[in-house]
Amino acid sequence: MADAFLSDVKVLELGDEKGELCGKLFAGAGADVIKLEPPGGGSSRLNAPFYHDQPDPARSLYFWHYNVGKRGVTLDIAARQAKGVLEKLIARSDVVIDSLPLDTLAGLGLDWPALQKLNPRLIYLLLTPFGRSGPWRDYKANDLIHLALGGPMMCCGYDPKPDGTYDTPPIAPQMWHAYQIACNQAFIAAVGALIGRETHGNGELIDVPIHQAVAVSTEVDVPIWIYSKKPVHRQTGRHAVQRISPQAQFQTKDGRYSMLLLGITPRESASLIEFLTEKGFGAELNEKFKDSASRRGPEFNACLNRALTQCMGAFGLEEIWKEAAARRISWAAIRLPEENLTDEHWRMRQTFARVEHPELGETFDYVGAPTLAEDCPWRTGPRAPLPGEHNREIYGSQLGLSAAQIEELARNGII
Amino acid sequence: MLDLTWVLAGGGGPRLLDALGAEAIRIEWRDRLDTLRLAGPFVGPEPDQSKPRGPADPPVNVNRSGIFNDINSGKRAISLNMTQPKGREVFKRLVAVADVVVDSFTSETMRNWGLGYDVLKSIKPDIIYLQQSGWGYKGVYSGFGSYGPVAQAISGLTEESGLPPPYPPAGWGYSYMDWSGAYYCAIMMLLAVYHKKRTGKGQYIDGSQLEPSIYLTGTAVLDYSVNGRHWKRSGNRAIARPQAPHGTYRCAGEDRWIAIAVTSEEEWGALAAEMGNPSWTADQRFRTMAARVANQDELDRLVGAWTADQEPFALQDRLQKAGVPAGVCQTAEDRVERDPQLRHLNWLIPLPHPEIGIWPIKNVPFHFTNAQVDQGGPLGRAAPCYGQDNDYVYGEMLGMTAQEQAELRAQGII
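Chains A and B supply the protein sequences, listed in that same order. Going by the numbering used here, the first sequence opens with residue 1, and the numbers climb by one from there. Going by the numbering used here, the second sequence opens with residue 416, and the numbers climb by one from there.
Honestly, the hints are just simulated from the structure, not real lab data. None of the hints are false.
Subject to a maximum C-alpha distance of 16 Å in a straight line, what follows is the list of computed EDC-like cross-link-like pairs (lysine to aspartate or glutamate): (1) A:229 - B:748; (2) A:140 - B:681; (3) B:612 - A:198; (4) A:83 - A:408; (5) A:230 - B:752.
Facing chain A, from chain B, some residues (calculated, C-beta under 7 Å): (6) 583; (7) 587; (8) 588; (9) 636.
Now the in silico label distances, taken between C-beta atoms and shown as ranges: (10) A:400 - B:706: 48 to 58 Å; (11) B:504 - A:265: 28 to 38 Å; (12) A:322 - B:733: 47 to 57 Å; (13) A:253 - B:615: 54 to 64 Å; (14) B:528 - A:200: 30 to 40 Å; (15) B:580 - A:280: 21 to 31 Å; (16) A:118 - B:436: 22 to 32 Å; (17) B:582 - A:135: 28 to 38 Å.
These figures come from a predicted structure and were not determined experimentally. Virtual Cβ for every residue (Gly too), placed ideally from N, Cα, C.
So here's chain B without its partners, still in its complex pose:
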């Protein structure tokens, strides 16, 4: 797989195929590095792009980003200057031995380089080419760029999240559509690979970050189409069933919260018993699910008063033992340092990196019984250094001589 993706929405897709045993070769050039190589936190010194460089040397310390290490785990990397005609000739030699080409440039870039699907296909008739741009190539907005927050805003995902007015949308506190975009990038590549295994045919796929965002907006479009109803935010309350209490409640400690979701009368009884059956639980306003839903504001206040001075994890375990769905709003620290279930599932695996050493990397959450599947991929390693696999790819795969490689280096091509 020739991986011309950027940051996460693109870069996360090939990562998943690596975990499943593919060989992703990341193609980079030092003048326009993936912003994640330059984004902290870093292990050791930060990148320094100001140092004098030879025609093909990368900036100093571009292999030390922790986030890059996570997102590009398992991949190979080569350096190649695609802005030069000679670089594009080398790229074409790679296409001849590839199964998949994937890029997340804006939609005209590859065509402007003379590397559209027709050209790739003339080199390798069964090539799979996934163009994973922001908005897609076909259409009126194909020249627009996108980041996760843009995709979330346009699709409706942002508007769907948050408390009712007068609060504005809360949106997402991270680029949901970067990982989710990456999932659809991986999905489309895998579907095309399966189809090629069965039929021998390659294909071109005009993918985007925006369309998976729309795909994940749930039932709102249908509710409008069928009932003419516009979406209205309702915080953390249950929207599919009458269920209450259903929300987040403050606990002891700074900014600590527990989510509680009572989905049946039985669970309500268990919660009331854990609260010590205070007299208000027998009040007319809270006796049935329908009554509790109708009086949610007051119910939330009363439940919140009970949780407010309790240690959140002890409360979670106690409620779960009583059969009440409950979970602490966990931070990254909680998940990395404490969560016993994630630890049991080996959600982080130690993988080596040649410059920064061994670090925990987020593993894929699918546990295969027969096949060896983990985020180290066939190479069993974290992210590659800039140009780390030039010798393997140019030498072993393409059969370039040492002299040929040296010449390309001197010309600023690799």
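Isolated chain A (complex conformation):
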């Protein structure tokens, strides 16, 4: 088997959807990740969409996507007979990811000092909604609430009306970004701690409050407030800034949208006008704005907007953006995610992966690697575990429980 970044790292994942991308990143980087769920399966198995729209704990595409590459065990961690098993699992782990409700492990007698006693080299990564203390510690949240409180929503949405007021709400971009933002940063912290452990040998407790992780991940709104005490205003498909900027999305001939990032550099603006001219939409621009110094201000913007509207409207979504991009114009098709599956660029880079589902006798396309590392290839698969699929393998051969002990745990509904 090819080398992997984290081939010697063992991870135990406890909790729900809040921490699943973090475990998925570990699995992709080659770590051995065990996802622990309550008997019957965890709550994220109830998330849509489902295979052929059949709600079933083994058929949640949400669960498949965020748990690919992990092995799965079930355990009722609150049960008295479970504690020894849980302790064995923790003792063999390099990293424990914990997104259980606050203080769950501590309530089972497994607070940080106890965990350290079990495993002095343990890296214990806590994903908490708001942190382990503070006035909002016990506030309830989900992805939407985090995107509201953390700031992304007030930056995202549609243009105000001409009078500056809004008749559309702030928008939360879909697809679990609050959890993704937090898990990306939690993973960074955990790998940092693994590197530190190579030097000093010690474990670490790391708390990643999702609210804080989201709040630091917007872009210019916070520095603009800190340095100039000015608000920003949300705008359709472009940056929330102090002033309303020129339109950036245009409808294509086939009723889709393309985007154009205007004038990052003067060279890019010049290339754009040249390109529009070649396509037959530059006459007015060339006539009215001959020299580059005149190419600014509202009249120029309006003229450019007319040319872009006409040009984009004359071509289909995929027809000309590549030609423009090859000239370093920031022109891009607004694709549906699945439209990338057939793109030759991603095929060459193996950005998507085929994953087998032997239980269904089928194979599906998954989003695969976030990067191309040929010496340590990213791993996508095997498919996410069925509830308790690896109980026997892990409790038996890896923790050393006898067949009779496993049988008894199963009989008592502990696993």
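The hints should help you fit chain B onto chain A, whose structure is shown.
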């Protein structure tokens, strides 16, 4: 770490490693400065590139950008003219004492300078080289450039955000893929450093801003692959479970909104009680979760009518006390000036800068118990001035004499 990154998608990656204790050395040259050095808001006077300069002097006032100060916090900086052969020779001396080289140029730049991975490896056999370009080096679009909005458009992140047609996609009101691109830049460097600690081997990584964007598009690709279903936007509504009300509701004040997400019958009961159990809540159309989901448009109108004249933060606290998930759509001002939880978590830390003084910098959101980890890094400072660490890097690290440095300065190399 030799940091040849630009703006945020690149520059944010080394920033995170600094917070974890690495030493990032930013390499800059005055003729092609990072656009963030020239982007406001500024503290004091703006940059002026028109002033006459000597062979190696930077433009006036390039150390005063607030955004640059935040994104490059904790780093060192040197000036080095990589466009000159002599500058590239100096760079090679730096490679010999580095662990990691990272750049976010377009994909041919380093090769054109004769600084591809094979060359870096011949200087330092265990070097880690992360090339964090827009689209990646391998592939048919390697020459294309990318900014956050481009990555978001192509990947599908833009299309996934917004209200259903006839509305167009709302997309992202900032470069989501700049910070997220930076996270994957940091992730790949850290993974390679860990791997090197264990095996002694360096490596080359062909990274991009586009692929992490695709990685973050959630379940849409699988839904297509399995069910043949194309993605459809649904605003702020719940997509994974039948849950309603689930959305944003207008409050008192200008452009003030609260997000409310009722995820269970119990939470619905609590919300109805807070609303004073108006008779419509007992209506057939709203009695069960399934019924509320089926009648969401009307439900949203009724909930919105109730929130419309209420102060948003008082409403948030009241609903949370009643056990209803709710949160104000917070602005930057709300987060910086008021949010008591962010304050409790010390999300901004004061860090010094030699020209603009002490400013609050966004801290990393990971709280370590044993190790000292914060955004000041080992140096305990905000962003570097242009060329601030030339003496340390060229003198102490490379052992150049003062005379050698003076000559390079006179030749326009450092």
